[in-house]
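Heads up: the sequence lines are chains L and H, in that order.
Residue numbering for the first sequence follows this note's numbering, beginning at 1 and increasing consecutively.
Residue numbering for the second sequence follows this note's numbering, beginning at 1 and increasing consecutively.
Just so you know, the hints here were simulated from the structure itself, not pulled from any lab data.
Remember, it's a predicted structure, so these values are computed and weren't measured experimentally.
Incorrect hints may have been included.
As the list claims (entries may be wrong) - Here are the computed distance ranges between Cβ atoms for each label pair:
no. : chain 1 : residue 1 : chain 2 : residue 2 : range
1   : L       : I97       : H       : T94       : 53 to 59 Å
2   : H       : G60       : L       : S63       : 41 to 47 Å
3   : H       : G60       : L       : V174      : 40 to 46 Å
4   : L       : K4        : H       : L85       : 49 to 55 Å
5   : L       : R166      : H       : R77       : 31 to 37 Å
6   : L       : F62       : H       : N82       : 40 to 46 Å
Claimed, not checked - What the simulated footprint calls covered on chain L by chain H, stretch by stretch (three residues with Cβ under 8 Å from a Cβ of chain H suffice, anywhere in the stretch; the number is not a length):
no. : segment
7   : 24-32
8   : 45-52
9   : 84-97
10  : 129-143
Stated by the list, open to error - A few chain L residues that face chain H, going by a derived Cβ cut-off under 8 Å, partial list only:
no. : residue
11  : L66
12  : L67
13  : G68
14  : A69
15  : F126
16  : S175
Note that CB positions come from ideal geometry on N, CA and C, so glycine has one too.
This is what each chain is made of:
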Amino acid sequence: MRLKIAVCVALAVLLQTNLRLVWPPLVHLDLPLIVVTYFALRRDVVQALIVGFVAGLATDFFSKGLLGANGFSKTLIAYLIAALVTRVMLDNPLARIPVLAGAVALDAIIIVLLHRMLGQPSLVPFAETAAYKMIATTIAGTFIFYMFDIFFSDRARQRRHFAFRRRAARRSLVSRR
Amino acid sequence: MAVTRTQKEIRQRAPLWLLALLGVNLVLMSVSARDESGHKRLIQVWAQAVASPVQGLFSGATGAGTGFFQHLGSLNRAATENEDLKRRLAATETELREAQMARDENERLRGLLDFKEKSGYQTVTARVIARDPSEWFDSVMINRGSSSGIERDMPVVTHEGIVGRIIGVSPVTSQVLLITDERAAAGAVVGQLGASEAMGSVRGYGRNGLLDMRYVSGLETVKQGDLVVTTGQDSIYPAGLSVGQVVEFKQGSATSPHEIKVKPSARLNSLGEVAVLLYRPPPRTPPPAAPSPSNTDRERK
């Protein structure tokens, strides 16, 4: 499972670095944030924190901005979502949409604030960039969440587990004959 | 020894994890913000160097994907452009065809005008409006009739040669029997009128759009490619109009005429405009009466 998560994070970061090459408007997508939000919604706080930290820091390595700004923001967002999901039922497709949109907005705000606080050149135009990012990431994230559900959801895990047991039972029947 | 922690413990330790991770990030940020010697860039460069093989693979894959989609996009654009060009080509071809038709019509009309000026005959220019639907007859309908002065048996020509004769007239239309019909005929001579004695009669051959020239003496010299013109002795066509060109020729003898096939000069399969000659052949004068014997005797006396 951890390997799968690591592969997901690595894929998200590497894809993010190549999105602009595929089609320039895809730069508004934030794939690492989608991955962080998804794993934060799975009620495992520590796992969410680590995913947020690694994804954010990996993004920073390939970014021109402050090293650690994305790490800080994504770690914080992961924690906030993971904390929220233990109190509010957010594990349905409709509720995920505002969570993802809020995560994108918060991410943009935190990064801009961090840059300002640390005396870095201001990131403008903030509102326009944040709006595009929110729209693109929320739309893409909704579909990506569906895809992740196929691999990571409890139901999918159960399905795989039962399939394995069925195969094992069949094999034992064949060997008895 | 594995340490197993309950969910509650994990949850309780989560803020500590958070603080630790945020602290690491803050330290990195502060170092990065204060960095003037380029250490931060160094970290990033090294990180990118480590990731570069994988990133290269990704870049290649995405590049190939992008190339594929760009190729698809360009194919789509090419298809659209192709359709557009096809439409434009069709429009241009239509315009060109119309221009060619107008030019051809202009040439034909100019030819008819020249013919009218050169021949000195009064003509009525008419347009072919229909062809005989039956395969048994070679006739056309023109858009001029008796109201334009057209009468039966008037010759119809183009500037290239004779077409046929009027066989039916209504006030506004006339029917023309083409020279290629088996029931049509005209007096004609091979070669120059007045210089050649290879005279005969042309009539429709019934196939291939050719004319059959008959009764040309086998002693006359005829060659393939010779021109055939009207003699004016048939009481329909005036003399000197082009009939066609000898295309097939079988030598005759002193006792048998030549067998000659003539290709009409006028393009009868693509008739557009024709001229009806308002021509009336000169009335035939009866041969002078033979003198009676009584008169002869009187004259002798």
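- Item | Interface restraint verdict for L66 (chain L) against chain H (beta-carbon cut-off 8 Å) | holds (5 Å)
- Message: I want to verify a distance hint. Is the separation of the beta carbons of I97 (chain L) and T94 (chain H) within 53 to 59 Å?
- Response: Given about 55 Å between the Cβ atoms, the range holds.
- Message: Tell me if the interface restraint on G68 (chain L) is satisfied: Cβ within less than 8 Å of some Cβ in chain H.
- Response: holds (3 Å)
- Does A69 (chain L) meet its interface restraint, that is, does its C-beta lie within less than 8 Å of any C-beta in chain H? Hint on A69 (chain L): holds, closest Cβ of chain H at ~6 Å, below 8 Å.
- chain H contact restraint for F126 (chain L) - C-beta distance below 8 Å: violated (19 Å)
- Item | Interface hint for S175 (chain L), Cβ within 8 Å of any Cβ on chain H | For S175 (chain L), the interface hint is violated, since the closest Cβ of chain H sits about 34 Å away, which is over 8 Å.
- Message: Quick check on the hint: L67 (chain L) CB to chain H CB, less than 8 Å?
- Response: Since chain H brings a Cβ to about 4 Å from L67 (chain L), closer than 8 Å, the hint holds.
- Message: Please verify the coverage claim for the segment 84-97 of chain L: does it have three or more residues whose C-beta sits within 8 Å of some C-beta in chain H?
- Response: Violated: only 1 residues of the segment 84-97 of chain L have a Cβ under 8 Å from chain H.
- Please test the hint of 41 to 47 Å on the beta carbon pair from G60 (chain H) and S63 (chain L). violated (22 Å)
- Within the segment 129-143 of chain L, is the number of residues with a Cβ closer than 8 Å to a Cβ of chain H three or more? Check failed, 0 qualifying residues.
- Item | 8 Å C-beta criterion, at least three residues: is the segment 45-52 of chain L covered by chain H | holds (count 5)
- Item | K4 (chain L) versus L85 (chain H) beta-carbon gap, inside 49 to 55 Å or not | With a Cβ separation near 51 Å, K4 (chain L) and L85 (chain H) satisfy 49 to 55 Å, so the hint holds.
Hint compliance for this structure: hints 2, 5, 7, 9, 10, 15 and 16 are not met, and every other hint is.
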